[in-house]
Amino acid sequence: MMLDITVQENSFKGAGVLSRLGVHYFPDGEHYHLADTLTWLPKLQAMGAHWVILQANAERAIPEDFIRSLTATGIQPILHFQLALTDDTSAETLQGLFDAYAKWGVRYVVLFDKPNLRSQWPASGWTQRGLVPRFMELFTPLAKAAIEAGLTPVFPPLEPGGDYWDTAFLRGALETLDQAGEEVLLDHLALGAYAWLGDKALTWGEGGPERWPATLPYSTPENSQDQRGFRIFDWYNAVSLAAIGRSLPTILVATGCAATGEGDTARMQELLVTLKQAELPSNVLAAGLWLLAAEDEHPAAGQAWFSAEGTPRPLAEQLLEPGRLAAHSFARPADPGEAQEDLQGAARAHSLPEAAVWSPSEFAPSANGKAIRHYLLLPDAHWPLQAAASFVAAHQPTIGYVLAEAVLAQRVTLAGGLEAFADSTLRQLIQAGCQVDHLANVSQE
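Residue 1 is where the sequence shown starts when you use our numbering, and the numbers rise one by one after that.
Treat the hints as calculated values from the structure; they're not laboratory data. Just so you know, even glycine gets a beta-carbon here, dropped at the ideal spot from N, CA and C. A couple of the hints might just be wrong.
Under the rule of at most 25 Å between Cα atoms (straight-line distance), these lysine-lysine pairs were calculated in the DSS-like manner [stated by the list, open to error]: (1) K114 - K144; (2) K276 - K200; (3) K103 - K144; (4) K114 - K200.
Label-pair distances were calculated between CB atoms; the ranges are [as the list claims (entries may be wrong)]: (5) S282 - R313: 28 to 38 Å; (6) G417 - E206: 49 to 59 Å; (7) G105 - A404: 22 to 32 Å; (8) A214 - Q82: 30 to 40 Å.
Can you build the whole structure from these sequences, using the hints too?
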């Protein structure tokens, strides 16, 4: 059953019963192919993610199949458009993309990134005087286009602190909308935030300015605390209440720490527990753990949970529950020549038919509604079953070559590798909510 996590018109009552746990996908927009879906969807499921933050651009859409594979498994994509702070991107340019994304199941789009940093602006565009109104002239038309498409526009995450103090920037932006009478936009708006841990405790800044009244923009006294930590949402909520008299839904576009220093793994474990179990404000909808994966040459590669190829790094190995990662990883069978028995022997041992190996116990509906636990999908009826003997002996899957049967399975393993199956077959399995892996080292010879 697909999880409905849509939030309409800032209606975030009861959001706490849904998992806030999300993951920030690659820090680029290049990993949206079918092979990426097969590699990363099982890992997102293993991490228990209900949200994933994806990098989007104005030139081309993320493939529909990639988006739908996420929504079909109850993972809601949040698209982050890190647009240049110029007037080059018009609402008309993005309207078609917004319409398509809404049709495919997307609900949230983050527009721009860290506009309170000098480095984000063209050299001639940065001046603190009038900066917020000029940014709102860029943001407002695009936000309205998103609403027109049925999406929720998310105000960009600001650099905590920043060259233009983030809480002052946010207050100025909300007051600009309020003074302009943009009630429809405010009714649909969500806030983005970067909730970096830095070297601080998760409780740093908890309670916001009401608890820490001595803190002012650009000034945090020695015995006070500020918004530059995980509890940034307390401060942004106070800003929202002061500027427009109400709370707004908030998405932590990225949260975490570098996970390379001493003690960081323990702090990330504490963060995971907090996101899954702690009583956080109901308007905090989602938190994207930084970072799922990155190419080796990317500056953030050392902060990633996995290599770009999908190999778990120490952080993932330590933080994921024992066995969960392995259960969702692609199977790597032993050399067929080392098999103790051939497939037909395994079939006879279980008193199963030779053409399609069925296990009666497989057909008890699981908690997710799937009738079959595990299905080994063969390319055709003539594929050499003995090549997968070790895998069958170890996993005892249902075996067949009928797609209509495979889509009924919770997990589907493709015999012969990805190249043995049409893209349409892979798409149908993913869209049916199956966990798909493959026997890459077993082929028909």
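Take a quick look at whether K276 and K200 sit within 25 Å of each other, Cα to Cα. holds, 20 Å
Regarding the pair K114 and K144, is the alpha-carbon distance no greater than 25 Å? holds, 20 Å
Falls inside 22 to 32 Å, the C-beta gap from G105 to A404? At 24 Å between Cβs, range holds.
Agreement of K103 and K144 with the hint, judged by alpha carbon distance not exceeding 25 Å: holds, 17 Å
State, for the Cβ atoms of A214 and Q82, whether the hinted interval 30 to 40 Å holds or is violated. With Cβ atoms ~35 Å apart, the hint holds.
Supplied distance hint 49 to 59 Å, evaluated on CB atoms of G417 and E206: Check passed, 51 Å falls within 49 to 59 Å.
Is the Cα-Cα distance between K114 and K200 25 Å or less? This hinted pair holds, its Cα atoms lying about 21 Å apart.
Given the hint of 28 to 38 Å, is the C-beta distance from S282 to R313 inside that range or not? Holds, since S282 and R313 (Cβ atoms, about 34 Å apart) stay within the stated range.
Violation of the numbered hints given earlier is absent; every hint is satisfied by the structure.
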